[in-house]
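In the order they appear, the protein sequences are chains V and H.
Taking this note's numbering, the leading residue of the first sequence gets 52, the next gets one more, and so forth.
Taking this note's numbering, the leading residue of the second sequence gets 99, the next gets one more, and so forth.
In short, the hints are calculated from the structure, not lab data.
Any given hint could be a false lead.
Going by beta-carbon spacing under 10 Å, a handful of chain V positions derived as facing chain H [claimed, not checked]:
no., residue
1, V79
2, K82
3, L176
Quick list of the computed label-pair ranges, beta carbon to beta carbon [as the list claims (entries may be wrong)]:
no., chain 1, residue 1, chain 2, residue 2, range
4, V, F94, H, S223, 28 to 34 Å
5, V, S192, H, F182, 28 to 34 Å
6, V, K325, H, D187, 35 to 41 Å
Every residue gets a Cβ at the ideal spot worked out from N, C-alpha and C, and that includes glycine.
Chain by chain, the residues run as shown.
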Amino acid sequence: MTDAVPPTEVGPAKRRRPFPPKLRANPVLVKELRSRMRGGRAFLILTGYLTILAGFAGLVYILSVTALSSVSLGQADYSSVGIVIFGTVVLLELLMVCFISPALTAGSITTEREQRTFELVSTTLLTARALVMGKLGSALSYLFLLLFVAFPLQALAYVFGGVAAAEVLISAVLLVVTALATSALGLFFSSSQKRTLTSTVLSYAVLLLGMFALPIILAILLQFVPLLWFLGPTAGAPEPWKEAALIYIGVLAIATNPLATAFATETLLFDEQKVFFYTQSLGNGVDLPVPLPWIPYTIFYLVLTLILIRLSIRWVRRAEP
Amino acid sequence: MPIIELRGVTKRYGQLTAVDDLTLAIEEGEIFGFVGPNGAGKTTTLRMIATLLQPTKGEILVAGSSARTHPGLVRRAIGYMPDFPGVYDDTKVWEFLDFFAACHEIPEPHRTQLIDDLLELVELSHRREDMVETLSRGMKQRLSLARALVHDPQILVLDEPAAGLDPRARVEMRELLMELRRLGKTVFFSTHVLSDVAQIATRVGIIEAGRLVAVGTIQELSTTLAPQRVVRLGLLDGIEQAMGLLRAMQGVHKVDSSLDSTDGRGEITLEFTGDDNALSAMMASLVGQGIPIVHFSEVTRDLEQVFLRATKGIVS
Chain V
52 MTDAVPPTEV
62 GPAKRRRPFP
72 PKLRANPVLV
82 KELRSRMRGG
92 RAFLILTGYL
102 TILAGFAGLV
112 YILSVTALSS
122 VSLGQADYSS
132 VGIVIFGTVV
142 LLELLMVCFI
152 SPALTAGSIT
162 TEREQRTFEL
172 VSTTLLTARA
182 LVMGKLGSAL
192 SYLFLLLFVA
202 FPLQALAYVF
212 GGVAAAEVLI
222 SAVLLVVTAL
232 ATSALGLFFS
242 SSQKRTLTST
252 VLSYAVLLLG
262 MFALPIILAI
272 LLQFVPLLWF
282 LGPTAGAPEP
292 WKEAALIYIG
302 VLAIATNPLA
312 TAFATETLLF
322 DEQKVFFYTQ
332 SLGNGVDLPV
342 PLPWIPYTIF
352 YLVLTLILIR
362 LSIRWVRRAE
372 P
Chain H
99 MPIIELRGVT
109 KRYGQLTAVD
119 DLTLAIEEGE
129 IFGFVGPNGA
139 GKTTTLRMIA
149 TLLQPTKGEI
159 LVAGSSARTH
169 PGLVRRAIGY
179 MPDFPGVYDD
189 TKVWEFLDFF
199 AACHEIPEPH
209 RTQLIDDLLE
219 LVELSHRRED
229 MVETLSRGMK
239 QRLSLARALV
249 HDPQILVLDE
259 PAAGLDPRAR
269 VEMRELLMEL
279 RRLGKTVFFS
289 THVLSDVAQI
299 ATRVGIIEAG
309 RLVAVGTIQE
319 LSTTLAPQRV
329 VRLGLLDGIE
339 QAMGLLRAMQ
349 GVHKVDSSLD
359 STDGRGEITL
369 EFTGDDNALS
379 AMMASLVGQG
389 IPIVHFSEVT
399 RDLEQVFLRA
409 TKGIVS
């Protein structure tokens with residue numbers, strides 16, 4: 052890849068690059084989008100995805116309305132139906148993003164190697180960065196399309212009310228950040244591995260570990276750590292700093308998992324009516340400001356995404372086809 | 099100044115030396131055939147020239163730029179075609195070329211005409227809107243060549259361009275390479291099909307076990323590697339006498355004869371070391387001794403014999 056081209060050379064490295072970079076000028080992105088959106092496959096996936104989402108939303112609606120039909124209906128009851136539909140759609144979107152994005156990116160670079168096109172691209176002026184960003188951009192474009200087409204289903208909840216603008220925005224942030232991180236994960240394995248199969252297996256293994264195994268391990272640890280800590284030499288009333296540390300550790304543990312983050316954020320939004328921080332009283336009466344889990348989640352996964360992209364570029368750059 | 103120059107290039111993979119101290123210069127406008135058995139180091143050499151591999155030792159200069167320090171300039175000067183036509187099956191023919199034109203930073207408004215011209219050159223204009231996966235192997239090979247030409251490079255580095263092609267496609271590929279030479283391109287291609295080299299190469303390099311064992315025109319290689327000329331004489335009679343005379347002559351080796359039982363005519367095949375003057379003198383001597391010669395011809399050495407002489411059948 053030409054990233055290593057020294058500055059003395061007459062070439063793209065010397066040209067002034069537009070800011071922000073023009074995505075449409077990335078040839079990989081254009082090619083990938085042309086291929087991805089051609090034929091019926093892309094539309095079949097879209098249709099299947101929307102059918103599942105609509106099916107679940109419809110089921111939730113029927114169950115909620117049936118449950119509420121026995122009691123007198125007021126505005127508050129309808130709004131709870133809206134909240135449940137909204138939550139269901141967002142959670143399903145979150146799950147789908149988690150499982151579709153590695154499929155879109157885990158083969159992006161390995162397929163180039165398997166098709167023997169990687170060496171052709173390597174003899175052009177295309178940089179490793181442009182190749183990686185083009186692949187990522189293509190996967191994200193499709194993922195964002197999936198999220199966008201599901202918007203009318205989310206909007207169904209607005210008919211019933213009860214869903215605040217903050218909830219809609221936070222859910223959008225969670226979905227976008229999750230799409231970025233899971234796509235970058237697949238891309239990382241695709242650039243570091245030689246075979247698509249290996250890359251796909253590793254992507255899903257790490258994803259499942261992060262989504263299910265890690266929260267269980269953290270939950271178990273958090274059950275025992277406080278006991279061990281509090282039952283030490285200073286047994287009795289916990290020291291305030293230990294109590295604060297445990298609260299923050301708990302929030303960070305939640306923030307490692309998208310589903311836990313979504314649940315916890317929604318609960319705190321509902322209970323505390325705060326978007327960014329809420330306060331928790333410690334044993335000594337001091338109010339501790341605690342961020343809602345979506346904030347550390349966003350920061351953690353955006354940093355992780357950047358690291359994975361940089362590593363992917365490095366792998367592609369140093370790879371000999 | 100050579101347009102491609104390799105100076106003491108070595109490529110090692112661990113203990114294996116794929117290319118060993120290779121020094122070679124290709125002049126502008128040449129069609130240079132790089133010949134060798136499988137595993138000789140041809141592809142590794144081509145990939146190093148195309149900046150896909152870094153030499154362990156030595157230097158490669160392409161159009162005056164170092165492949166190590168200025169790979170971008172080398173990539174602008176070279177159109178590389180690997181031995182396997184790597185293609186994106188899920189693209190249309192024109193999209194495939196458009197993608198690589200964009201990768202070479204050719205402005206979008208220029209690409210349509212460029213793609214049309216390239217498709218016309220490789221005779222694929224009628225398949226412009228077809229999916230690449232529907233093309234035959236020969237068509238994919240021609241499309242791959244069009245891709246290598248998309249940025250109008252000075253040099254074409256082609257790894258086994260005729261591999262896997264049927265006879266007609268091979269001929270078409272050869273004609274295409276000749277046409278490219280007429281258009282001013284320098285062509286450096288590898289092959290293990292000697293007839294391809296014999297028909298189009300202006301010079302040939304023979305590589306074995308990573309080492310360049312011979313380089314030159316086919317005529318030069320024939321003279322150097324197979325100095326004995328094979329001569330056939332047709333005689334009315336007097337075969338035994340002629341054979342006796344020939345065996346006594348300087349520069350004559352290995353004299354064989356055959357006799358036609360129907361009319362008594364015979365043929366002598368001999369190996370001769372010497373130039374045209376010496377050969378003429380040999381003929382004059384035979385005629386002077388009254389040998390009734392009715393036919394004289396020299397058997398042309400083909401590249402296959404030269405190749406067999408140059409190589410020992412070992413691979414690196």
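Report task. Please name the hints from earlier in the document that this structure breaks, with their numbers sorted from lowest to highest. Result -> 6
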